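So the sequence lines, in the order shown, correspond to chains A and B.
Note that my numbering has the first sequence beginning at 1, numbered continuously upward.
Note that my numbering has the second sequence beginning at 1, numbered continuously upward.
Source of the hints: derived by calculation from the structure; they are not laboratory data.
Values in this document were obtained by computation on a predicted structure and should not be read as measured data.
Cut-off 27 Å, straight-line C-alpha distance, at most; resulting in silico cross-link-like pairs (DSSO-like, lysine-lysine):
1) B:K49 to A:K71
2) A:K71 to A:K57
3) B:K69 to B:K49
4) A:K9 to A:K71
5) B:K58 to B:K106
6) B:K106 to A:K57
7) B:K69 to B:K58
8) B:K106 to A:K9
9) A:K9 to A:K83
10) A:K14 to A:K57
11) A:K14 to A:K83
12) A:K57 to B:K49
13) B:K106 to A:K83
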Amino acid sequence: DGGITQSPKYLFRKEGQNVTLSCEQNLNHDAMYWYRQDPGQGLRLIYYSQIVNDFQKGDIAEGYSVSREKKESFPLTVTSAQKNPTAFYLCASSPRGSYTEAFFGQGTRLTVV
Amino acid sequence: AQSVTQLGSHVSVSEGALVLLRCNYSSSVPPYLFWYVQYPNQGLQLLLKYTSAATLVKGINGFEAEFKKSETSFHLTKPSAHMSDAAEYFCAVTYNQAGTALIFGKGTTLSVSS
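Just chain A, same shape as in the assembly (with noise of 0.2 Å):
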C-alpha cells in the first residue's frame, strides 16, 4: 500500500539531546512537509521541500533542521536549540504543484523528559 510511514510513533527525548524523527513516502511525490501541532494552535509550518536537495523554512524553523537527500525521505532533527520541543509532530507529501491536497503520516508525539 502506498503511503507515508513516521517512525517512532512515541519518543522522549532528555532536555539538551538532538532527535531525528523518520518520514518515509512511498507515493512517489516530489513535495514533503514537516509541521508542528500544539493544542489550540493548529498545525505549523516548519520545513517544506518540493525537490530533493532542496529545502525551504516555515513559520517556525527555528531549532530544527532537515535533509532531503531521497525523493522518499525528508527526516526533521529536533535539535536542542528548540526551546519547547514537546509536540505532535506531522509529515505530509504532494505531488508537485502547491493546489493538490497533502496526505499525512500518522504523526510522532516528542515528549522532553
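Model the placement of chain B on the given structure of chain A, informed by the hints.
Below, chain B without anything else, positioned relative to chain A:
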C-alpha cells in the same frame, strides 16, 4: 498573505443534528481550500477540497462545503451528525503558486452527544 480563520474552537451537537463548522479565508488570489479531519493521535485525512470547479463540494462521510467568494467562506456541513463524527476538523488554504504549502486554521473540535 494567506490565512484561515475557523470560528469556534469547539462545537457540540446532538446525534442527528446539523453540523456546521465555519471557515473564512483571506487571500489576494484565487484560493484552493481543503477540509481535513483528525482523530486522536492520528494524522489528518482529507474530507473534501475546492479547486475552482463546482462551488458546492461533496466529500466523504456525508460532508459537504460551499465556496462563497463574496463571503470569503468555505463552511463545512453535514445534515445529520453521527457519533463517529466526533473529531477535530481543520480548514486549510493554498493557492496556485509553486513553492507554497498548505496553511491551516487552528481547528474545531466537534463533540457529538447521544
